[in-house]
Each structure stands twice: as structure tokens, then as C-alpha cells.
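Q: Sequence lines, in order, name chains A and B.
Residue numbers for the first sequence follow my numbering, so the first one is 1 and each next one is one higher.
Residue numbers for the second sequence follow my numbering, so the first one is 1 and each next one is one higher.
None of these hints come from the bench; they were simulated from the model.
Every value quoted in this text rests on a predicted model; they were computed, and no experiment measured them.
A hint or two may mislead.
Stated by the list, open to error - Below, in silico cross-link-like pairs of lysine to any residue (SDA-like), each with a Cα-Cα straight-line distance of 25 Å or less:
hint : chain 1 : residue 1 : chain 2 : residue 2
1    : A       : K138      : B       : T200
2    : B       : K491      : A       : K138
3    : A       : K65       : B       : N496
4    : A       : K99       : B       : R37
Stated by the list, open to error - Which bits of chain A does chain B cover? Going by a derived footprint, with three or more residues having C-beta under 8 Å, they are:
hint : region
5    : 61-68
6    : 132-142
Don't be surprised by glycine CBs; every beta carbon is placed ideally from N, CA and C.
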Amino acid sequence: MALVELRNVSKIYHLGGEEIRALDDVSLDIGEGEFISIIGPSGSGKSTLMHILGCLDSPSRGTIKLDGVMIQDATPRQLATMRNRKIGFVFQFFNLLPKLNVLQNVELPMIYSGIPGRERRARALAALEAVDMANRAKHRPSQLSGGQQQRAAIARALVNNPRIVFADEPTGNLDSHTGEAILNLFRKLSTEGRTIVLVTHDPEIAAVTPRRIEIRDGRIAEKVDLTLAGLDRQIKIGGPPPPVQA
Amino acid sequence: MKSDRPHAPPEVLRHSSAQFNTTILAGLREIWAHKFRSLLTMLGIILGVSSLVAMSALVSGMEKGAKEALIAIGGLQKVRVEPQEVPIEQRHLSDQAVGITINDVYALEQSAPLVTRLSPEMRLFATATANGKTFRPWVCSGVWPVALEMSEHVIAHGRMFNEIDDELARNVCVIGTATRDELWGSPERVGHEIIPLGETVYLNGVPFTIIGMFEHYESEQDRRARELARLQAERGVAPPVATGPDRGGRGSSGMRRPGGFAFRLKNSTIYIPLNTMWMKFRTGAAMPASGSSFGGRGGGSSRTVTTASAGGTAATITGDPRLSTLELKIASVEQLPEALQQIRNVLMSTHRGIEDWTFRTQEDWAEQIATFIRNARLSGGLIAGISLLVGGIGIMNIMLASISERVREIGIRKSVGAATSDIFIQILAESVVIAVLGGVVGLASSFGLVQLLGKLSPTDNEPIVTVTALAVAFAFSVLVGVLAGIFPAIKASRLNPIQALRYE
């Protein structure tokens with residue numbers, strides 16, 4: 001049984017009487033421990049797909065099974081619980097709370113799990129240790145570089161031991177060197193057995209994952225680059241920009 | 001972090017106390033982050049709470065003062081029978097009206113069992129002269145010895161005149177402290193207490209021997225102020241001049257506060273035996289009173305009685321036999337209506353159906369006091385309530401501004417697993433924390449406000465801060481916080497997480 005099973009999922013918006021199919025009859029399985037990228041130009045529906053997979057949004061049609069739970073008809077509260085326990089998010093703009101320090105930011109998901117303070121602190125520190133950020137625990141996000149902020153955000157995504165991590169353009173706001181380091185961190189996590197979904201418009205970044213799903217106009221065109229299956233290729237980022245697909 | 005799951009999150013109950021504390025802490029942090037803004041927001045609640053407490057304290061003080069005064073004049077069981085003009089439909093009978101006489105007293109003693117005590121009173125507009133000074137007491141009355149208990153008087157020095165003094169119509173009197181203060185000097189002025197027992201005082205020129213003096217009547221508050229001043233004086237601390245003890249009842253000294261009115265009147269009393277009053281001031285040519293022409297007829301029976309007790313000396317003298325008032329005490333307040341009916345029946349028969357008298361019960365006054373207190377409480381509460389409402393609107397306003405600043409934060413919180421209810425509680429908690437802090441500060445500042453009002457207010461009833469008032473005011477501030485937070489909290493919690501995350 002796959003970790004995620006999407007069957008005939010559509011997301012339809014109505015804009016001024018016009019029907020817009022952001023996702024059109026998408027079916028997809030993601031297995032446990034997979035490192036997968038969802039690639040597509042802006043407006044292709046990749047963000048919608050990620051939102052539905054990440055329990056931030058509900059599909060108009062179709063079924064989704066996440067870790068054995070059917071979630072297409074889940075209540076907002078059940079979706080919140082799924083996001084809290086089974087899903088971690090990493091965003092392009094880091095989305096750390098500026099008023100909290102790094103440790104408090106990482107503790108945030110556990111607050112909503114009702115984990116007592118002492119355990120929260122211990123686990124948050126462990127998660128920061130894992131991304132090599134333990135020495136910045138008391139810093140505010142504004143006192144950190146972009147790469148450090150993204151590491152903190154990754155620690156936050158991992159701290160509740162989610163079944164699956166979604167990274168939405170995680171390197172989009174970083175310089176190439178830092179972006180590479182962050183991608184290496186994801187690869188490391190993948191070798192540790194994490195299920196990671198990388199959402200990007202950049203084929204170069206998508207190239208790090210063994211499995212790539214291309215989205216175009218709300219439909220899937222799956223490609224698998226077998227040469228990357230070993231995950232040993234040196235990643236090159238910041239080369240010539242990929243051809244823009246309108 | 002390893003992929004195996006030794007620390008898989010246990011299914012902990014959501015909204016545990018740990019989370020609740022964190023929510024409150026987050027609220028406090030948010031308030032601390034915007035100190036000035038939060039302070040301004042709280043100001044509405046602070047003012048509302050403190051004015052609620054202060055208003056309640058003022059009214060409680062007034063209520064206590066009124067109750068003290070009520071007890072000082074003899075309580076609710078007292079009924080006064082006073083003369084009144086003959087009603088218009090009986091005007092043609094007015095020359096047959098007898099007025100209230102001693103005859104009524106004996107008739108009531110005989111026929112009105114619900115009346116436990118009777119005290120006839122004959123008033124005189126007297127000028128007291130002694131020690132080279134003169135004084136016009138508020139009350140100079142000829143009474144029976146029973147008047148002592150009737151009017152809640154207490155003899156501090158000497159004795160009250162007794163039945164023998166009354167029967168023999170002796171020239172003795174019992175004075176209140178105000179008379180002493182005016183004629184011989186108050187303890188504050190002369191430094192020691194003068195007890196003028198055995199001295200002679202001239203009432204309208206007639207010499208009387210002072211055989212007793214009442215104690216000094218004053219409100220609880222005045223008594224305590226005086227006590228404090230005395231203690232300070234004993235410790236060698238000079239009492240502050242401005243706040244020095246101002247004993248009610250003295251004619252000329254210092255500013256007078258109207259709240260001690262009842263006590264001041266009571267201090268300004270001179271009692272002489274009823275028969276003495278009758279013999280020395282009402283008979284003969286001494287007081288050619290207006291009603292004397294028919295007094296002979298109407299007061300015939302009473303005069304017989306009086307004559308008997310006075311030893312036959314007044315038998316041939318025409319005078320005014322009418323009493324100024326007749327004070328009655330009934331067994332209990334519950335029986336007041338029945339007692340009044342009995343009194344009415346008796347007096348109707350002795351007055352031959354002519355209503356030249358009327359009742360005055362303390363209940364009317366007590367009711368007036370209660371109405372006044374209720375109105376004061378209502379209007380004060382309304383004003384304080386409106387100010388709390390305005391404070392609540394301020395909180396709501398600032399919460400709405402705050403959540404529109406924090407759309408992204410709400411999106412982030414939702415993305416890491418905050419449910420709608422978590423956001424709702426967070427915003428509500430912030431609002432309640434502002435209101436509660438405002439409430440606490442308001443309670444603290446209310447004590448200062450009460451002090452200030454106590455100094456400024458024209459009543460000498462010290463405001464009383466009650467625990468109930470504090471609790472009610474605090475509860476209202478919490479309620480306002482909850483009500484003001486609900487709408488912003490609903491608005492925040494309903495934000496779509498995807499749009500909230502995209503919000504710049």
C-alpha cells in the first residue's frame with residue numbers, strides 16, 4: 001500500500017461563471033520513503049496538487065488516501081490534525097514567525113499536538129541538532145541568513161515525525177550555494193528514509209530526485225530519470241536557465 | 001532525526017493545559033510586543049472597571065450612612081402622630097378640632113395593644129442662656145422619661161428625669177452635647193470635657209438645673225476619625241489642622257458636612273419634663289397660643305388628667321394643652337399596617353372623626369432612601385457599563401487591526417496543524433488577557449479613584465469598596481474581553497490557510 005494514493009482527483013474553481021480545472025483527473029501513488037519532485041510552470045496546478053496532498057485544501061472530486069486515511073471528505077479539524085501529525089511543510093519564504101525565536105518556532109507544531117513543554121523543548125533541540133542549527137536556537141529569524149532560516153524551517157517540518165514532507169520551492173529564495181546545501185540536506189533526509197515531495201518550477205532542482213512528476217494544465221506527465229536512482233550525481237545548480245514553458 | 005519512530009507523537013488530548021498556558025503566554029507576548037497600543041486599549045477597561053467600583057463604593061457609603069441615620073432616629077418601629085390642617089371637606093368642623101392632646105395618649109394606652117410605647121412631646125422654641133452665652137437648640141421638648149428610649153438617646157452623664165420630676169414639674173433638664181459645646185465650650189476647644197451637671201441654664205428666661213447630659217452622637221466614620229486624632233495626639237503627633245475632628249453638633253466651628261445631619265439634630269436637643277413644659281410655658285399668659293380659645297373645650301378631659309398629676313395647680317388656668325407630636329413605638333415592623341389601623345381607630349374616636357392629625361412612619365423615609373439608592377446604583381452602573389462597552393469596542397477594534405497584520409502568521413500556524421478552534425482560542429485569549437489586565441489595573445486604580453471621590457464628594461459618607469463590587473467589576477471586564485474577542489477570533493479562525501500563506 002502506497003503512503004499516498006490519489007485517485008481521479010480534480011480541483012475545479014468557478015471564476016465568473018467560467019470553470020477552471022486547476023487539477024484534472026489526477027491519479028498518483030507516492031510510496032513510503034520516496035524522494036519525488038513535482039515540476040511544472042506557474043499556473044500548471046502543481047501548487048494546487050501540493051495543497052491537496054498537504055491537507056491544506058480539499059479536492060472537488062476524487063479520493064485521497066494518506067497513510068491509510070481517506071481525507072477527501074475530512075472536516076477542517078481532521079485536516080488540521082493530519083497536517084499536524086503526518087505532514088511537514090517547507091516554504092519558499094521560510095514562513096517562520098518573526099516574533100518567536102528559532103526554538104519556539106520549531107516547537108510550534110508540537111504545541112498544537114498538546115505535547116508538554118519539557119518534551120517539546122527536548123525534541124525541538126534534537127530537530128535543530130539534526131539540521132545543524134542547535135547553536136542558533138535562541139536567535140530570532142531576522143538575525144539569521146536565508147539558509148539558516150530554511151534549516152530552521154526544515155527542523156520545524158520534521159519535529160513532529162511526519163510521514164511526508166512537502167517542500168515548496170525550498171531553494172527559490174536562496175543563492176545557488178546555499179540552495180545546494182539545502183538540497184543536500186533533503187537528500188540526506190531521504191537516505192534516512194524520509195518521504196519527501198519537492199515542488200519546483202526548476203528542472204535542475206527536480207533533477208536531484210529519482211522520480212519526477214510533471215504537471216501541465218492540471219494533468220500529469222510522469223517521467224523517471226533512472227540515472228539519478230543512485231542519488232550519487234553531483235548536483236549543479238545555477239547553470240543556464242531552463243527553457244521557459246508558457 | 002531518525003526515520004524509525006521511537007518518539008511517535010502520542011495521541012494527546014488537544015487543548016491540554018500545556019497548550020492553554022502556551023496560548024495565554026502567546027497572548028501576553030503579543031501584548032508586550034505592542035506595549036503602548038495595548039495600554040491605550042486597556043485604558044477603556046481600566047476606566048470602566050474603576051468607575052464601576054467607585055460608583056458602587058459611593059452608593060454603598062451613602063446607603064450605610066442613611067441606615068445609620070435611620071437607626072439614630074429610632075428605627076422603623078417608630079410612628080409619629082403629628083397635627084395637620086383639617087382636610088378641606090371637614091373645614092367647617094375646624095373649630096371643633098381638638099388637636100393632639102394627652103387625652104389621645106391615655107386613649108391609645110388603653111385601646112391600642114399593638115402600640116408598645118408612647119411618648120408625648122410638647123415643643124418649645126426656646127433660647128437657652130447660661131454662662132453669658134445664648135444658644136437656640138433644635139429641639140427643646142417637654143417629654144415623659146420614656147422619650148429617652150423612644151428616641152434612642154443615651155445618658156452619658158448624670159441621669160434622665162424620672163416620673164417624680166415630671167409629676168412635681170421640677171425645673172430640671174437633660175441636654176445634648178451641642179448645648180454644652182455652645183454654652184460652655186466643646187472638648188476640642190477647651191481641651192477637656194466640661195460636664196455642666198448642676199449648672200443652671202435659662203430657657204426663655206426660666207431657670208432649669210441640668211441633671212443629665214446625653215452622649216455625643218456621631219456617625220461611625222466621625223467616631224473613627226476622632227478616635228484616630230485622639231490616638232495621634234496621645235502619641236505626640238499633632239493632628240493635621242485641616243482634617244481635624246469636626247464634631248457634628250457645634251454651631252460655628254468649621255465646615256459642616258451634610259451627611260451628619262441626623263446626628264447633629266440629635267445632639268442639639270434639650271429635654272424637660274412634660275408637666276414642667278405645660279406648667280411653665282403653655283399655661284397662663286406666658287404663651288397665648290392661637291388654639292387656646294377652643295383648647296378649653298377639647299382638652300377638657302386631658303386637662304383633668306394632667307391636673308390630677310400636677311397636683312391641681314393648673315385646674316383654673318386656660319392654656320394650650322396640645323402636644324406637638326406623639327411618638328409611638330409598635331411591637332414589630334411586620335405589624336405596622338395593623339398597628340396603624342388601631343391607632344387610626346382610636347384617634348378617630350377621640351378626635352370625633354376630624355382628621356387634624358396624620359401619621360409619619362420611618363418606612364416612608366426608608367423607602368425613599370431605598371429608591372434613591374436604587375436609582376443612584378442604576379444610573380451609575382449604566383454610565384460605568386457604557387464606559388466598559390466603549391472599552392470593549394476599543395479591544396475589538398485593536399484585535400481586528402491586529403489580525404489583519406497577522407494573516408500570514410495565522411496561515412503559518414494553520415499549516416503546522418493549528419485547527420480553526422486553536423486560532424479562535426488564541427485570538428480570544430489575547431482579547432481576554434487585555435481585558436483581564438485592564439480589569440486588574442482598573443481594580444487597583446479604583447482604590448485611588450475612591451479616595452479621590454471621597455475627598456471631592458459632598459457627602460460625608462465614606463465610600464465603601466465591597467468585595468462584591470470588585471468581583472462584579474472584574475467579571476464584567478472578563479465578559480467584555482470575551483465578547484469583544486469573539487468576532488475578531490471568528491474572523492481570524494476562518495481564514496483560508498492557502499490564501500493566508502500567500503498574503504503579503
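Q: With a cut-off of 25 Å on the C-alpha distance, tell me whether A/K65 and B/N496 pass.
A: holds (22 Å)
Q: Count the residues of the region 61-68 of chain A with a beta-carbon closer than 8 Å to any beta-carbon of chain B: does the count reach three?
A: Violated - the region 61-68 of chain A has 0 residues with a Cβ nearer than 8 Å to chain B, which falls short of three.
Q: Does B/R37 sit within 25 Å of A/K99, going by the straight-line distance between their CA atoms?
A: Between A/K99 and B/R37 the Cα gap is close to 17 Å, so the pair holds against 25 Å.
Q: Below or equal to 25 Å on CA atoms is what counts here, so check A/K138 against B/T200.
A: violated (91 Å)
Q: Examine the region 132-142 of chain A: at least three residues should have C-beta closer than 8 Å to a C-beta of chain B.
A: violated (count 0)
Q: Straight-line Cα separation of B/K491 and A/K138 no greater than 25 Å?
A: violated (32 Å)
The earlier numbered hints that this structure contradicts are 1, 2, 5 and 6.
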